[in-house]
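S.K.: Number 109 in this note's numbering belongs to position 109 of the sequence shown; there are no gaps in the numbering.
What the hints contain is simulated information worked out from the structure, not anything from laboratory work. It is possible that some hints are incorrect.
[Said to hold, decoys possible] Once the Cα atoms are required to be at most 25 Å apart in a straight line, the calculated BS3-like pairs of lysine-lysine come out as:
#: 1; residue 1: K114; residue 2: K101
#: 2; residue 1: K101; residue 2: K80
#: 3; residue 1: K159; residue 2: K142
#: 4; residue 1: K114; residue 2: K80
#: 5; residue 1: K114; residue 2: K51
#: 6; residue 1: K81; residue 2: K159
#: 7; residue 1: K51; residue 2: K138
#: 8; residue 1: K101; residue 2: K138
#: 9; residue 1: K35; residue 2: K81
#: 10; residue 1: K159; residue 2: K23
#: 11; residue 1: K35; residue 2: K138
#: 12; residue 1: K51; residue 2: K101
#: 13; residue 1: K142; residue 2: K80
#: 14; residue 1: K80; residue 2: K159
#: 15; residue 1: K101; residue 2: K159
[Said to hold, decoys possible] The following label-pair restraints were derived from C-beta to C-beta distances:
#: 16; residue 1: A33; residue 2: P74; range: 14 to 24 Å
#: 17; residue 1: R102; residue 2: W69; range: 28 to 38 Å
#: 18; residue 1: E52; residue 2: F158; range: 36 to 46 Å
#: 19; residue 1: K101; residue 2: P66; range: 10 to 20 Å
#: 20; residue 1: E141; residue 2: E52; range: 16 to 26 Å
#: 21; residue 1: D162; residue 2: D95; range: 30 to 40 Å
#: 22; residue 1: P71; residue 2: K114; range: 40 to 50 Å
#: 23; residue 1: P66; residue 2: L97; range: 23 to 33 Å
#: 24; residue 1: R30; residue 2: L58; range: 35 to 45 Å
#: 25; residue 1: D162; residue 2: K92; range: 28 to 38 Å
#: 26; residue 1: P66; residue 2: K114; range: 31 to 41 Å
#: 27; residue 1: D162; residue 2: E27; range: 38 to 48 Å
The model shown is predicted, which means the values in this text are computed figures rather than measured ones. Backbone N, C-alpha and C define an ideal beta-carbon position, used for all residues, glycine too.
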Amino acid sequence: YKVITWPTFGGADAVVMFNQTYKADPEMGRLMAMKDFRVAMSHAVNRDQIKESAFLGLGEARQGVPAPWHPYFPGEEHAKKYTAYDAAQANKLLDGLGLTKRDAQGIRLLPNCKPATIEISVVPAFGAWPDVAQLVAKDWEKVGIKTIVQIRERALHFKMRDANELMTEVRNDD
1 YKVITWPTFG GADAVVMFNQ TYKADPEMGR LMAMKDFRVA MSHAVNRDQI
51 KESAFLGLGE ARQGVPAPWH PYFPGEEHAK KYTAYDAAQA NKLLDGLGLT
101 KRDAQGIRLL PNCKPATIEI SVVPAFGAWP DVAQLVAKDW EKVGIKTIVQ
151 IRERALHFKM RDANELMTEV RNDD
């Protein structure tokens with residue numbers, strides 16, 4: 001899994017983890033394993049809006065790295081890397097990956113002509129995660145990636161994670 005995060009108070013209160021070994025959809029699995037795709041998706045997220053809407057204006061947008069007071073804190077340059085909301089940069093990166101064709105709804109098409117689609121799995125028992133996932137989905141669709149938020153019961157979610165069936169998930173990292 002690879003981490004991109006939203007507002008945080010310590011470690012990370014809401015992280016979207018990409019499954020880089022996803023196999024059920026080989027085309028999307030290939031994309032999710034590519035750094036430029038994950039960077040594009042990170043830049044596509046309006047973290048300030050998430051902070052205001054889901055976290056009552058509190059916290060700070062940064063990557064899922066240890067907090068500044070932790071001995072393993074990697075430094076501000078890593079904590080803030082790829083967190084700037086920049087839809088133009090996201091679109092440029094996605095175009096650079098060959099995702100230039102779109103369907104009538106503006107969703108990017110994969111080389112096999114299927115819509116580029118990601119599912120975000122969320123367990124509703126944890127804080128603002130469903131709200132965060134909905135806001136992320138809205139942002140990702142703006143850059144042409146169809147996003148489905150799937151709210152799941154906790155046991156099913158973790159069973160699917162263990163079986164390598166989740167594409168992405170919202171979680172926390174401390």
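S.K.: Hint by hint, say whether it matches the structure.
M.R.: Evaluation of the provided hints:
The hinted pair formed by K114 and K101 meets the criterion: a straight-line CA distance of about 10 Å does not exceed 25 Å. Between the alpha carbons of K101 and K80 the distance comes to roughly 31 Å, so the proposed pair goes past 25 Å and is violated. For a cut-off of 25 Å, the pair hint linking K159 to K142 is broken: about 31 Å separates their Cα positions. Only pairs whose Cα atoms come within 25 Å are accepted, and K114 paired with K80 is rejected, the gap being roughly 33 Å.
For the suggested pair K114 and K51, the alpha carbons sit about 33 Å apart, so the restraint of at most 25 Å is broken. Simply put, K81 and K159 have alpha-carbon atoms about 32 Å apart, too far for the 25 Å limit, and the pair is violated. Of the pairs offered as hints, the one joining K51 and K138 holds, with about 15 Å between alpha carbons and a cut-off of 25 Å not exceeded. At roughly 20 Å between alpha-carbon atoms, K101 and K138 fall within 25 Å of each other, so this suggested pair holds.
Between K35 and K81 the CA atoms are separated by roughly 13 Å; this keeps the pair inside 25 Å, and the hint holds. Between the alpha carbons of K159 and K23 the distance comes to roughly 16 Å, so the proposed pair stays at or under 25 Å and holds. A C-alpha spacing of about 21 Å is found between K35 and K138, which places the hinted pair at or below 25 Å, so the restraint holds. The suggested pairing of K51 with K101 is violated, with an alpha-carbon distance near 32 Å, which exceeds 25 Å.
The straight-line distance between the Cα atoms of K142 and K80 is roughly 22 Å, inside the 25 Å bound, and the hint therefore holds. A distance of roughly 32 Å separates the Cα atoms of K80 and K159; the hinted pair therefore is violated under the 25 Å criterion. A distance of roughly 35 Å separates the Cα atoms of K101 and K159; the hinted pair therefore is violated under the 25 Å criterion. Here the CB-CB span from A33 to P74 is close to 22 Å, well matched to the stated 14 to 24 Å.
Separated by about 45 Å at the C-beta atoms, R102 and W69 break the suggested range of 28 to 38 Å. Distance hint check: the CB atoms of E52 and F158 are about 30 Å apart, inconsistent with the given range 36 to 46 Å. Distance hint check: the CB atoms of K101 and P66 are about 41 Å apart, inconsistent with the given range 10 to 20 Å. In this structure, E141 and E52 meet the distance hint of 16 to 26 Å, their C-beta atoms being roughly 20 Å apart.
The hint said 30 to 40 Å for the Cβ distance between D162 and D95, and at roughly 35 Å that hint holds. Checked against the hint of 40 to 50 Å, the C-beta distance between P71 and K114 comes to roughly 45 Å, which is consistent with it. Against the hinted window of 23 to 33 Å, the Cβ-Cβ separation of P66 and L97 comes to about 30 Å, which satisfies the hint. For the pair R30 and L58, the beta carbons lie near 37 Å from each other, so the given range of 35 to 45 Å is met.
Against the hinted window of 28 to 38 Å, the Cβ-Cβ separation of D162 and K92 comes to about 36 Å, which satisfies the hint. In this structure, P66 and K114 meet the distance hint of 31 to 41 Å, their C-beta atoms being roughly 38 Å apart. Between D162 and E27, the C-beta spacing of about 24 Å breaks the proposed range 38 to 48 Å.
Of the numbered hints given earlier, the model fails hints 2, 3, 4, 5, 6, 12, 14, 15, 17, 18, 19 and 27; all others are met.
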